[in-house]
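Student: The residues making up each chain are set out below.
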Amino acid sequence: MFTPHTKQDEKEMLDVIGVSSVKELVNKIPADLLYPNYNLPAALTEQHLTAHLHALAAKNKPLTNFIGAGMYEHFIPAAVPALSGRGEFLTAYTPYQAEASQGTLQTIYEFQSCICALFDMDVATASHYDGATALAEAVLAAHRVTGRKEIIISSLLHPHYKEVLKTYTRHTGLTITEAQPTQKGTLDVAALQAQISDKTACVVIANPNFLGYIEQVQEISALTHEKGALLVAQVNPISLGVLQTPGSYEADFAVAEGQVLGNPVSFGGPGLGIMTAKKAYMRQLPGRMVGIAKDKNGRRAFVLTLQAREQHIRREKAASNICSNEAICALNAVIYLTLLGPQGLKEVAELNLERARQLAEKIGRVKGFSVSTSAPFFNEFVVTCPVPAAQVIEKLADKGIAAGYDLSATCPSMKNCLLVCATEMRSAADIDAYARALEGK
Amino acid sequence: MYNQENCRFLKTHEWACKEGDLAVVGISNHAQEEISDIVFVDLPKVGRAVKAGENCCVVESVKSASEIYAPVSGEIVAVNDALNADPALVNREPHGNGWLFKIKMTNPAEYDALLDFAAYQATIQK
Chain G
1304 MFTPHTKQDE KEMLDVIGVS SVKELVNKIP ADLLYPNYNL PAALTEQHLT AHLHALAAKN
1364 KPLTNFIGAG MYEHFIPAAV PALSGRGEFL TAYTPYQAEA SQGTLQTIYE FQSCICALFD
1424 MDVATASHYD GATALAEAVL AAHRVTGRKE IIISSLLHPH YKEVLKTYTR HTGLTITEAQ
1484 PTQKGTLDVA ALQAQISDKT ACVVIANPNF LGYIEQVQEI SALTHEKGAL LVAQVNPISL
1544 GVLQTPGSYE ADFAVAEGQV LGNPVSFGGP GLGIMTAKKA YMRQLPGRMV GIAKDKNGRR
1604 AFVLTLQARE QHIRREKAAS NICSNEAICA LNAVIYLTLL GPQGLKEVAE LNLERARQLA
1664 EKIGRVKGFS VSTSAPFFNE FVVTCPVPAA QVIEKLADKG IAAGYDLSAT CPSMKNCLLV
1724 CATEMRSAAD IDAYARALEG K
Chain H
-11 MYNQENCRFL KTHEWACKEG DLAVVGISNH AQEEISDIVF VDLPKVGRAV KAGENCCVVE
49 SVKSASEIYA PVSGEIVAVN DALNADPALV NREPHGNGWL FKIKMTNPAE YDALLDFAAY
109 QATIQK
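Protein chains in written order, with the numbering used here: chain G, 1304 to 1744; chain H, -11 to 114.
Derived from the structure by calculation, the hints contain no laboratory data.
This structure is a prediction, so every number in the text was calculated from the model and none was measured.
We treat Cβ as the ideally placed atom computed from N, Cα and C, and that holds for glycine.
Don't take every hint at face value.
[As the list claims (entries may be wrong)] Reference excerpt, derived from the structure (chain G facing chain H, CB under 7 Å, subset only): (1) R1603; (2) L1607; (3) A1611.
[What the hints assert, rightly or not] Over 10 Å on every C-beta distance to chain H, these chain G residues come out as not near it, computed from the model: (4) Q1400; (5) E1453; (6) A1731.
Generate the whole structure from the sequences, applying the supplied hints.
Tutor: So this is what it looks like as structure tokens:
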């Protein structure tokens, strides 16, 4: 039940700060901002509005997608939206009377269980806004666990994740330094070793990294733990069908963008933040967690658990201000994982490997284009073009192809570099068409 | 073990019991009753320096988290590791095996200034 403050509460609060009314409280805000005139056109009828929206939607140009860069297009079995769209499930929010919604809690519990199995980690939360916020929360948790203030992040984290991390840590007194890569497109492990000290709270890596390449995770994990620092690994859940799990290389926290698990790319959102940890750190995890208990008659019951971490109990000392999750996206993910099973996920991951390799090989044969393959990659890699990447993107768009992500957008020195991705969605014909388009045919 | 008649108290329901130059610290029987089923104790790190009144430990029940304040200044020299496996010890034996941590006192005068059992009883009977 939500109980807003009463007139009396309002008056008491205003008295404390010494203003007479809410209007007086906000009178420093210029009137034209406070009560703006939006100058909107007259309302349309439903029929006219529908026609207008159809006209706008028709401007979209469907392209064959070779862009990854954080969000990836994968096949979503029809059963996923059919099940998650049922009225009983279609809510994006943890219910306030959580334990009254056993079905919702059970799906979250199953989600956590699937994620723990996939990541090979001890505990998972009910989910977070997106991969970037999950990563930032993991960094804050690592700081709380170690009491240390220096954070080392891979320079090959997704640039948006870096921005979110910067925002989250702005007023925390943490310092962030970047670990640099080699020409191979993976971290310089020797340089990283020199960088880690007994003041390092955590080392944050992405695997695969933003350029698509696989890091030397075992070595990095060992170097990190040698100095008593924690390892935060951001991974691609689909890649875990073939790559080492974060648990296998002793990551202390493992986070991910879970969109790839049964959720559409959908113009970049909503995302699904996945967060996992070793059991020793479970009380430092932010947000909701669902556990199993017994009711008074001894029947299995699902409950929100470890709530003493959270702000409704711990107030300003809570692990995080996050108390929400991405229930519908998590539901899609758990349905997707359940439909595929471990073998199905492995096959999807293998298809990604295969298609990306076919694409890399074809692009490598086009005159003037080179593909960086000195480090292993999953479903994404860097192509160096003879001209600025933006020109290639424009040219291929005319042929119905979204060529990739222009790396100069976030790294000015990579002006001619294109980040290209092929998931299981790209057929051999799509890949041939891409190579032909590059050749100008 | 740390009979309440021999302990000194804070108004915030911690007890301290002198053991040589150490003060053993726990929470009162009244406090454990109020908190109810304790599921986790977040103990301080051994070696940490604390000031009297500093919050240095958290006792969690299913739906609450209570901050524990150091009754005296000094260094944490021992914590009750048995609570990691069995936090409900604090409920069962608040003045015995449910102790929380031991402080090596730097200013024993602080101990003498704490409430005695009768004075503490008076505060909780109000």
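Student: Which hint numbers does the structure go against, in order from smallest to largest?
Tutor: Violated hints (numbers, rising): 1, 2; every other hint is consistent with the structure.
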